[in-house]
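Add chain B to chain A, keeping to what the hints say.
As they're listed, the protein sequences go chains A and B. Counting from 0, one number per residue, gives the positions in the first sequence under numbering that gives the first Met the number 0. Counting from 0, one number per residue, gives the positions in the second sequence under numbering that gives the first Met the number 0.
Calculated from the structure, these hints are not laboratory results. Incorrect hints may appear among the rest.
[Said to hold, decoys possible] Within a straight-line C-alpha distance of at most 16 Å, the following computed EDC-like cross-link-like pairs (lysine to aspartate or glutamate) qualify: (1) B:K209 / B:E29; (2) A:K162 / B:D16; (3) A:K160 / B:D16; (4) A:K160 / B:E94; (5) A:K162 / B:E95.
[Claimed, not checked] If you only want the chain B side, here are some residues facing chain A, beta carbon under 7 Å, derived: (6) G89; (7) T92; (8) S218.
[Claimed, not checked] Simulated restraints, written as ranges between beta carbons of each label pair: (9) A:L163 / B:E111: 36 to 46 Å; (10) A:W52 / B:S9: 52 to 62 Å; (11) A:I131 / B:Q104: 44 to 54 Å; (12) B:Y134 / A:F155: 17 to 27 Å; (13) B:H28 / A:G33: 12 to 22 Å; (14) A:A134 / B:E111: 49 to 59 Å; (15) A:G59 / B:K108: 36 to 46 Å; (16) A:G33 / B:P167: 29 to 39 Å; (17) A:P185 / B:Y12: 48 to 58 Å; (18) B:P131 / A:F92: 38 to 48 Å; (19) A:E116 / B:N14: 47 to 57 Å; (20) B:S106 / A:P185: 18 to 28 Å; (21) B:S106 / A:S262: 51 to 61 Å.
Ideal Cβ positions, reconstructed from N, Cα and C, are used throughout, including at glycine.
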Amino acid sequence: MLEGLLQVIIDGCASGTIYAALALALSLVYKSSGVVNFAQGEMGMFCTFITWWLNQQGLGLLAAIAGGLVIAFLVGAMVERLFIRPVARFGEFPVVLTTLGLFLVFNELAPWLWGAENRAFPSLFGNGVLAIGAARLSAESVGTLLVMVAAGSLFFIVLHKTKLGLGMRATAANAMSSSLSGVPAPRMFMLGWGFATVLATLAGVLIAPRLFLDSSLMLGVIIYAFAAAALGGFASLLGAVVGGLVIGLAETIASNYVDFIGSDLKILVPLTILLVVLIFRPTGLFGKSAERAV
Amino acid sequence: MSLLRLERLSSGYGNADVLRNISMEVGAHECVAVLGANGAGKTTLLRTISGLLRPGCGVIEFRGLRLPGVPHRVAAHGIAHVPEGRGTIGGLTVEENLLVGAYTQRSRKQVEADLARCYERFPILEEYRNRPATYLSGGEQQMLALSRALMSRPTLLLLDEPSFGLAPKIVHLVYEAIRRVIAEGDLAVLLVEQSAELAMSAAARAYVLKHGEVVGAGSRDELRGSPGLSDAYLGTAGHHA
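Just chain B, same shape as in the assembly:
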């Protein structure tokens, strides 16, 4: 049975639907990418799943249950969403940001252990633990955002363009961390990214969005072999992304 199942989902802002008739599935412990040019509806998709947007119609099922459509309740179901632009909680320290990530966790011991694990994964966060999070560089903030999401022990992790605004060298570091998290095998990932090459370095398969609709899907190799699809997600946006 799939972990997350979307069926004929429509969603958008006000009366304008950005997403139309989306159906997709994510299995347990699987990393799936959502590819598409700027404005294809990738961010809208993640926002709808995590409850920031209300779907117009259609079904979102998580472990066979309908999601409540309210962000903090969706989070309590085990879905962690790292939003576009990282969503650092400014004014709080690095460690406080991580503790906010563990807000749904009850056991203090477990939170301590998870915190230690975060610091082990990204030693830089331990070094800066008492600094205001806004003082971190873009790459460090992305590591913080990823760690904050992991602090909630999610079953499904939603990542919205983790490479956004980062230098290539830093992107490499961030993706290395993402691949490591996936390899640990505790969770499933739905990864939104503009760069197909980057996304497919972590994901085994992908859906391709164009103008708010799923225009294709396939494994890494299938996508590579399909020039029609790569046109859809590379488009013209691919060159300046």
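Same shape as in the complex, but just chain A:
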């Protein structure tokens, strides 16, 4: 029983980090551009396809993933530059509509370029099982967990220990004051979209081996990610991570230990948690009520 629990917790954390990565992408864009990017999951899916394609062309899996992440950065930055920035001056609502349009574009573009059939995506970690005492942990879960912890740490180090990160945080907090101090705010927004798409693609690459790669890869994941981001309070990066882990754990624990939930009803779990949290804390666990610099 206890060994089983460890396994469930590791699996839950592994799923949780994937939701957290996507939620982090959502809050990163939300913090800087002030909008929810509904196309974030699809952009990750599209770049996961690119990774798969690079792999098909004969590139090793690691090299393909590295290439896919670099391309993801460029895709995210270009989307901001070409589609978001021109409409941003008309307000937030046009930007949200644009992201919905981009959702459809990426969702249709992938099958148009690579066909509509399901693809098997190779796993980085194989199907191995690690035995620790009596507990048996899947290499997939442990590997996912380690990669995500490393990526998350790197991300937070960049944000908090580098000048670029300072510029990004400053722009997110007060774009006007930052630009008056010489921080190139438009470039910071563009970088934010780039980093967000890298995170979304990382989530895509890690989730794809468990599912099949097709244009609906992210549809299930993005709901969890939205729940995670809302749970943490959309504008809080730390909140997105905690939200992702809570939802991953709750989903896995409930589907393993609560009989009537099983795997069919498990999508209800994050939504129920979200509903309950938002009733008592409408701004999310780490959210602050809207404060505006005057």
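Positioned in the frame of chain A, the structure of chain B alone reads:
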């Protein structure tokens, strides 16, 4: 040659011009005030210079060159703008706010030295260096805003109502600091203020704005001796400012 030169500048929001036909000059190392009642266009003037607003027509020249009209590029030219309401970057600590001010500076050593100088100027900022900037009082935030601007080693400092929303005692402190910065003689200041008395305690001369136009200019003594002008900037707003 003047440091900043505005010629027949018009500017505003949308199609409505707030400023019309503004011409003025600021020399190197000089402190010039812009006086005027509420709504005279003082803030619009500073926002246009720093690139937050696009001029409708006219010329803005800085050291003989046209300014790029984009805030972060204007800042890189050596113009620091402390906006109305101080523009504290909430969510960042006091020290991070100061480091954002030094964003255009390349030399790490120099930034460290400037930081030490800020803390020497306002010891309270050193004491609160790791606190979120939003926890500071209004006066402390104004000191932070001034320090952040100085971290960029500006040639021209634009100050928008540094006395805004502060208690008289704190206003006195802030202005003492401003006068000290001016006395150090490294930069020129364009100071916007509602209270003429306060502004002229720091500035040697002033332009007077009314309804978006320059209606007068002069040195401290000239302004004092001209009752017509003081009507323009005191107006009725002067009493409840």
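**Message:** A range of 52 to 62 Å was offered for this pair. Does it hold for the Cβ distance of A:W52 and B:S9?
**Reply:** holds, 55 Å
**Request:** State, for the Cβ atoms of A:A134 and B:E111, whether the hinted interval 49 to 59 Å holds or is violated.
**Result:** holds, 51 Å
**Asked** Taking the CB of B:H28 and the CB of A:G33, does the distance hold inside 12 to 22 Å?
**Response** At roughly 41 Å between Cβ atoms, A:G33 and B:H28 fall outside 12 to 22 Å, so the hint is violated.
**Asked** Going by Cβ atoms only, is B:G89 closer than 7 Å to chain A?
**Response** holds, 6 Å
**Asked** Regarding A:G33 and B:P167, is the given constraint of 29 to 39 Å on their beta-carbon distance met?
**Response** Because 38 Å falls inside the window, the suggested range holds.
**Message:** Does B:D16 sit within 16 Å of A:K160, going by the straight-line distance between their CA atoms?
**Reply:** Violated, because 44 Å separates the two Cα atoms, which is more than 16 Å.
**Prompt:** Falls inside 51 to 61 Å, the C-beta gap from B:S106 to A:S262?
**Reply:** Holds, at about 59 Å.
**Asked** Does B:S218 pass the interface hint, meaning its C-beta sits closer than 7 Å to a C-beta of chain A?
**Response** violated, 30 Å
**Message:** Verify the CB-CB distance for A:G59 and B:K108 against the hinted window 36 to 46 Å.
**Reply:** Since A:G59 and B:K108 have Cβ atoms about 44 Å apart, the given range 36 to 46 Å holds.
**Request:** For A:L163 and B:E111, compare the CB-CB distance with the range 36 to 46 Å and indicate the outcome.
**Result:** The hint (36 to 46 Å, Cβ to Cβ) is violated, given that A:L163 and B:E111 are roughly 19 Å apart.
**Request:** Below or equal to 16 Å on CA atoms is what counts here, so check A:K162 against B:D16.
**Result:** violated, 39 Å
**Request:** Given the range 44 to 54 Å, decide if the beta-carbon distance of A:I131 to B:Q104 lies inside it.
**Result:** Holds: the Cβ-Cβ distance is about 51 Å, inside 44 to 54 Å.
When the structure is compared with the earlier hints, violations turn up for hints 1, 2, 3, 7, 8, 9, 13, 17 and 18 and for no others.
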